[in-house]
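> All chains, full assembly: derive it from the sequences and hints.
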Amino acid sequence: MKIDFQSQTPIFLQVSQGLEDEILSGIYGEEEQIPSITELAANYKINPATALKGINLLVDAGIVYKKRGIGMFVASGALQKLKEKRQEEFFQQYVLPLVQEAKRLNIEPQTLREWIERGFTQ
Amino acid sequence: MKLCCHDLTRKFGDTVALNRVNLCLEEPKICGLLGRNGAGKTTLLRLMTNYIQPNEGSITMDERNLWENEKALQQIFFVTENSYFGEMTAQKLIDFMAGAYPNFDKEQCLAYAKRFELSLNKKYPTLSTGYKSVLRAILALSAHTPFLFLDEPTLGMDAFHRELFYKLLIESYSEAPSCILLSTHLIGEVEGLLENVIILDHGKVLIDESAEKLLSQGYCVSGRISEVDDYCSGKKVIGSNSVGGLKTAAILGEHTAVPDTLDVTGLSLQQLFVQLVGSENPS
Amino acid sequence: MSTATSFRLQLKEYRSAVIIYYIIIVLIFTVFSGVSLLSIGDKQMNIYGLEASSVWFIFVCGMNTFRANFLFHLQFSSTRKTLFKGWLSSAAAVCLGMTCLNLLLLLLMNFLFHTPVGSTIFAIEIENVPLRLLSGTVYYFCEYLLFISLGYLITIGFYRLNKTGKWIVSILMGGCGMYLLLSLVRYESYVDAIVFFPLAHPWIVSGIYLVFTAVILSFCWLLIRKMPAKV
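Chains as they are written, first to last, in the numbering used here: chain A, 1 to 122; chain B, 1 to 283; chain C, 1 to 231.
Any given hint could turn out to be false.
Simulated crosslink set (BS3-like; lysine-lysine; CA at most 30 Å straight-line) [stated by the list, open to error]: (1) C/12 with B/11; (2) B/2 with C/12; (3) C/81 with B/132; (4) B/247 with A/2; (5) B/132 with A/45; (6) B/122 with C/226; (7) B/213 with B/235; (8) B/2 with A/45; (9) C/81 with B/92.
With the Cβ distance kept under 8 Å, some of the chain C side facing chain B (calculated, not the full set) [as the list claims (entries may be wrong)]: (10) 30; (11) 77; (12) 82; (13) 84; (14) 165.
These stretches of chain A come out as covered by chain B in the derived footprint (C-beta under 8 Å, 3 or more residues) [said to hold, decoys possible]: (15) 8-20; (16) 43-53.
For the record, the hints were derived by calculation from the structure and aren't laboratory data.
Beta carbons: idealized from backbone N, C-alpha and C, even for Gly.
So, in structure tokens, the structure goes:
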């Protein structure tokens, strides 16, 4: 994870997205412990309140959960949830603009499908 | 506990160092006290710690006047380059702190000293600038007073010690939160840490806001000069800079739809600070 | 910090100076006593000046105990009031301690070497010996207290002044001192009267000293009360 103080994305969002990335790439498996608020804050030189805000987003989404007195753990099924979430985001961020632009350029759905398949084989 | 400044004014001869400053510090938070040299940061800190008296206005702790109020003053620990520790050795100072501040954590302080590799039997004046800062810092981080004022805490520390200091600051703060007022010129190093930002300029409080809110108020656009100028018309531009044909402008305000040809980035606190108090752009 | 802590802290400041002072005094006494024992009978030597040098020493002590303690108290969230209370009690303790030490030293020298030590304490015009020693002790205690306060007032005044002020006051004080020394010669009879007056009336003079001390200390407090700390 890298925190970019110049980014338009608020730091607490960068924290939660960074952790999501790390869970997706398997650094933290399901039912494994993630860093504590203090560890996160101390490592990335951010305010503990900011780190807490970022982690709370993940707690609310059911990605991680708190074990009292022990720490934060990745929930079982979190990977699946994250993938679904990211897939939805993928559709919103990439597919919709792609289709929009395709319509503007009069590209047939059939052609687009073929191009996508070509992309997969490359 | 609530520490407040009411219409605080302090003059030195003809110079007005602080001009009707109103400020309140309350809940545990890490606040940045920023300002250019001579903006009044040190004067404010010295006023809030019984070193000097205001010419006008007052400082109160929980509605009681702070001046010569030992009970209230014991809630504050203040370290600066000019802190006076006599000829005491580090070890003696640590022992003395334990007697002077009931919440001082001696074990923690000794552990910190070990991590900084500070030799405890050296007298304070014989330490190097960097190690003086280290000693002041570990005393402060273990004091656990409700208010902690740190004036240029990393002065003269090497890169490793600075990193360690920020790490321990966060650890100590997470363990036992207190209201930490951090006065520094190295904004880039602390901007992630700050929850609140107070900017002094020419003896006045220019900004007193949460860092998140402050940063969300501004953004940067960059692109070709003419396009940036077109976009900026009618907006509050707090600073701009052009290199060759590329122009970057810092804008205050909600960000509206930006043309695709312009790049948008956030403002870092450092950039915002420079734009707000830079003398090249008097606003 | 509590007044007791402040007292201990400030008392410590005197420790090494007092120890060095007494080592020197004892050395001088031993040397002179040795010399006077060797030159039997005809040429008896007198040792004067233990009190006078103590007064001077204590005056200098008073001048050296302000700045460091002031800044230290502020650093550790203490107040000017605690500083002053602590200073006053530590100064009184040092004066009392030195008075007693001096008396012991004089008695010891007298007993060991039969050195005729010229000291005001033995010249006080009171028949009863314990009472004489007591009045002498009280007298010296008051005198030391006066001079330590005077030293303190001067150093506080100087701390408060700016650079120009320091120059002006130094020159004025030097001038006054010179004038005083010159006039001492002219008014010798009065000086003698002043020097011998305490011998006849130790209690009255002690009282006068105390009044002066009180006045000086009030000035000290007035100056300290709102004293700004300098960088």
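> Please name the hints from earlier in the document that this structure breaks, with their numbers sorted from lowest to highest.
Result: hints 1, 2, 6, 10, 13, 14 break, sorted rising.
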